[in-house]
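So the sequences go chain by chain: A and B.
Just so you know, we're using our numbering here: the first sequence kicks off at 19 and counts up by one.
Just so you know, we're using our numbering here: the second sequence kicks off at 100 and counts up by one.
Treat the hints with care, since some could be wrong.
Computed list of lysine to any residue pairs in SDA-like fashion (alpha-carbon distance at most 20 Å, straight line) [to be verified]:
{"id": "1", "chain 1": "B", "residue 1": "K370", "chain 2": "A", "residue 2": "Q189"}
{"id": "2", "chain 1": "B", "residue 1": "K370", "chain 2": "A", "residue 2": "D191"}
{"id": "3", "chain 1": "B", "residue 1": "K322", "chain 2": "A", "residue 2": "D184"}
{"id": "4", "chain 1": "A", "residue 1": "K155", "chain 2": "A", "residue 2": "N82"}
{"id": "5", "chain 1": "B", "residue 1": "K515", "chain 2": "A", "residue 2": "E203"}
The hints are simulated quantities; they were obtained by calculation from the structure and are not laboratory data.
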Amino acid sequence: MVNAKVLLTTTFVASTVFAQGPAPAPIAPPSSGGPGAPADVSVKQRPTLTPEEMVNQSREYAKNMASTLARIQVLQDQAKREKDIIRLNCVTDKVVQVRVNISIAEQSMAALQEAVTRADEGERTHEFTRLTIVNQKVQVLGAEAENCIGEDLSFVGATKVDIEIDPNIPQYDPTQPPAPGIDIERPGEASPLAG
Amino acid sequence: MNRRLALWTALAGTLLVARAARAQGTAEVTIGYQGLPYKSSGESNTGIQVSEGVLLHVGAGAEAGYDTNVFYQNVDPIGSALIRTSVFGDLSNATRTGAAGRISFDARAGVVYRRYQSDNPFVQNFNNAWMPTAGLALSAGGGQFGFGIADTFARLEDPPYNEAQLVPITRYNNQASAEGRWAPGGGRITATLRYTNMIDIFQGTYSYASTDGNYLMLDGAWKWLPKTAVFVNAQQGYIFYLNEAQATANGKESSYPLLVTAGLRGLLTEKTSATVALGYTNGFYGGGVSTGGFWGSTYLDLSATLRPTFLSRIVAGYRHDFQNAVIASFSYNETFYASYVQQIAGRLALDLSGRYSHRNYQGQFVDPVQMVTGREDNFVQVGASLDYFVRNWVYAGVGYSLLNNNSNIPSVEYLKQQMFVRLGLTY
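Just chain A, same shape as in the assembly:
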């Protein structure tokens, strides 16, 4: 059972990681062109994605985060049905965190749209990076929610008492009053003259 869970979790985490698509190009560090030289920001920080690609990718992120939230809510309902309070607490905590992150992602998406409209490349790159990080965080929370462990492992089961009784001890209760006896004897001969 435990091995199956580990395998399932690993598969899920791996799939969510690989489902991210190519990571956005890292933002290039400022050039060290020498003391006093102005930094060439426009060349070094140019993103590899076009504005349209960023918007499309951010929508994909939003879709993934929504499905992750839906999946965690399913886990939450399942824990409620099973009255598994330990697992429910764990999953609910993930739900809260995912919702906060989705809220941040929604703000970033709105800002990204504005930056694209304004053709503000810096702002656009910043918001897209934030969206990427938030998305990754939500996927990790989804994996953690899947790993929430309930009573199946932490609950050791109902108390079981094994009693060993010496087989020499009789099973019946010898302290009970004896059952009423039945007088079944042949009566003695009353007289030689009678039967």
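With chain A fixed as given, assemble chain B onto it according to the hints.
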């Protein structure tokens, strides 16, 4: 094979010669020849599962042998070949593991057919006898409160003492009881209130002795160990004769037997159990002659059971009491009994038992001569059987029974022996 140690006889085939030693609760010991077929209460591998929670045990047996003294005579006894067959069925809600739950029932019925095969005309008058038995027990509860009812019926038939008589000794016995049990708290203190009615009807010579006995018993016990208790028991009875005119003509009087005892019953060690009961008893016979004196008013019951191994059991006991008698008002009885049961090699079952009883008859005698001479009988009973279990449901063996009575009245003395080969099925 261990299950066969706790034997109980189911049918009346042995009833005329067997007497249960009522000392060990459900593990009663039957003294005397063990008839066929028998099964153990602890049987776990047999029984037909009729439906969920209903188990049927069935059995059949046949015995062939010789009776040395058909009419219990002391002079020129008449012997005869003898066959006896029996069948029984037992329906209960016990499972094969033995658990019955909080509500249990057990219904059983059987019949014994006995035939004397002889050319003797006296014996031929009593060739055939049918002896049915039936029983029903219901029990509910088991925790703080419990309730149970039971009924047992048996018909017994045996040749008379006098071969010239044409009517056998026939006895119908029905015993019904109802009881309530109360075990407050953790069950250390238990109380049992029981009413028992016993109707005992004779046909033939002893028809005057038909009685209706009513007994009310209250028992209180304190378990100072899980299977060991000290107890106080009080029982009041009322016995009256059904044929008043005949009873009066034979000097029979109603009685109100009282028995108050205290003692110990249960385990002494894991292999040894005992019953010690000491108390006061009085017959309170209506005719003026009743039990009395220090020893005559004393009831004493001592019994010990030892199970040295899983495959053996030894029981020994002594009892001093009085008993309502057919041939007199009552008798003081001193009874010693012993039983030895042994399994050998997992296939052989040996059962040996014996009883000696000294009976000092008192009160109004049916025979006027004995009013003058008095009567003291020394009764000896021995039973032995050795069975080989081919399977756990079929066995074959041999059996032996001895009944001997010595008395200060020579005419009532006798020696009766029966030898059998036997075959039994029980499933």
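> Looking back at the hints listed earlier, which ones does the structure fail to meet?
Replying inline: Of the numbered hints, all hold.
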